[in-house]
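Participant: Sequence:
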Amino acid sequence: MAVGARSGHDGPEDRPASDGVPVEAASDGESPDGGSTAVKKPRSFWKELPLLIGIALILALLIKTFLVQAFSIPSDSMQNTLQRGDRVLVDKLTPWFGSEPERGEVVVFHDPGGWLEDTATPEPNAVQKFLSFIGLMPSAEEKDLIKRVIAVGGDTVECKKNGPVTVNGKALDDKSFIFAGNSACDDEPFGPIHVPEGRIWVMGDHRQNSLDSRYHQELPGQGTVSTDEVVGRAVVVAWPINRWATLPVPSTFDQPGLNAAAAAAVPGALGVAGALPLVFWRRRRLTRGHTAR
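Those letters in the sequence shown? Residues 1 to 293, per the UniProt record's numbering, in order.
If you're looking for bench data, these hints aren't it; they were derived computationally from the structure.
None of the values given here were measured: they were computed from a predicted structure.
In this text, a Cβ means the ideal position worked out from N, Cα and C, and glycines have one as well.
A portion of the hints provided could be inaccurate.
[Unchecked claim] With a straight-line cut-off of 25 Å between C-alpha atoms, the simulated DSS-like cross-links for lysine-lysine are:
#1 K175 with K160
#2 K161 with K175
#3 K170 with K160
[Said to hold, decoys possible] Beta-carbon label-pair distances, calculated as ranges:
#4 K47 with S251: 53 to 63 Å
#5 W244 with N209: 19 to 29 Å
#6 W46 with R84: 39 to 49 Å
#7 W244 with K161: 14 to 24 Å
#8 R243 with G181: 13 to 23 Å
#9 Q208 with G114: 15 to 25 Å
Could you put the whole structure together from the sequences, leaning on the hints where they help?
Facilitator: So this is what it looks like as structure tokens:
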């Protein structure tokens, strides 16, 4: 037999020990050197359950705080885009990266002060408070509103009786999103209003049933809302299932020239800033010439 050839049997080979005594293959649960190799039994499901619940709650809280939160629609001010009782999901992530509300977006924002002072809030029970805390249920205690952004900082917005809403002189075609039969603003004409930087002008889609920016011009901010008060953009109707829908920006807010008036001030300001040094240089030169004479 050649050196190194195996024997014909299929069982484990015996290894000679250092003292010449063969060592047999180890049996289950015991290593060749006599140590135990028994496999540990996995924990029972009931012991793992509290840990799983804890992880799920932490994830839900993080998602609610930084990513998405559910909100309930409490009124008819956004019909027919949103109905009373709808649940919408609000994107809270993009504001963390410096994103500002844009024209046409539907946004949720905290009461800027005085908008909901006469509105009673229901007292939730302990379960509702806990579920709303982790984001699995809309909060019943927070006084939040939901409206559509019509104008942003730097815009001039206006609406005369029997006329359309205009932003920077451009008329908005709002027939695709305002409540059927509503006028643009006949119940409360306004403007022209210049929206300060860092603020927005908001209106409900059910114009004749929405106490929006038009009705709070006597308050600080003259009806505009600080972007710091904005929770996020409503992106989808999540409940009820038969009303599931996204909330895109209407095409009228993408019309050419809407930014033209706001942008026109920028080149003008830059032109003045660039001309001032030239004017001062010319005056200084002329003054030197007169002095030399």
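Participant: Now tell me, hint by hint, if it's right for this structure.
Facilitator: So, going through the hints one by one against the coordinates:
For the hint linking K175 to K160, the alpha-carbon distance of about 17 Å falls within 25 Å, and the restraint holds. Proposed proximity of K161 and K175 is supported: the alpha carbons are some 16 Å apart, at most 25 Å. Straight-line distance between C-alpha atoms of K170 and K160 comes to about 13 Å, which keeps the hinted pair within the 25 Å bound. Separation of K47 from S251 is about 56 Å and conforms to the stated range, judged on CB atoms against 53 to 63 Å.
W244 and N209 have their C-beta atoms about 24 Å apart, which keeps the hinted 19 to 29 Å range intact. Between W46 and R84 the CB atoms are about 43 Å apart, so this pair conforms to the stated range of 39 to 49 Å. Taking the beta carbon of each, W244 and K161 are about 38 Å apart, not inside 14 to 24 Å as hinted. For R243 and G181, the hinted distance range of 13 to 23 Å is satisfied, since their beta carbons lie about 21 Å from each other.
As the Cβ distance of Q208 to G114 is approximately 21 Å, the hint placing it in 15 to 25 Å holds.
Consistency with the previously given hints fails for number 7 only.
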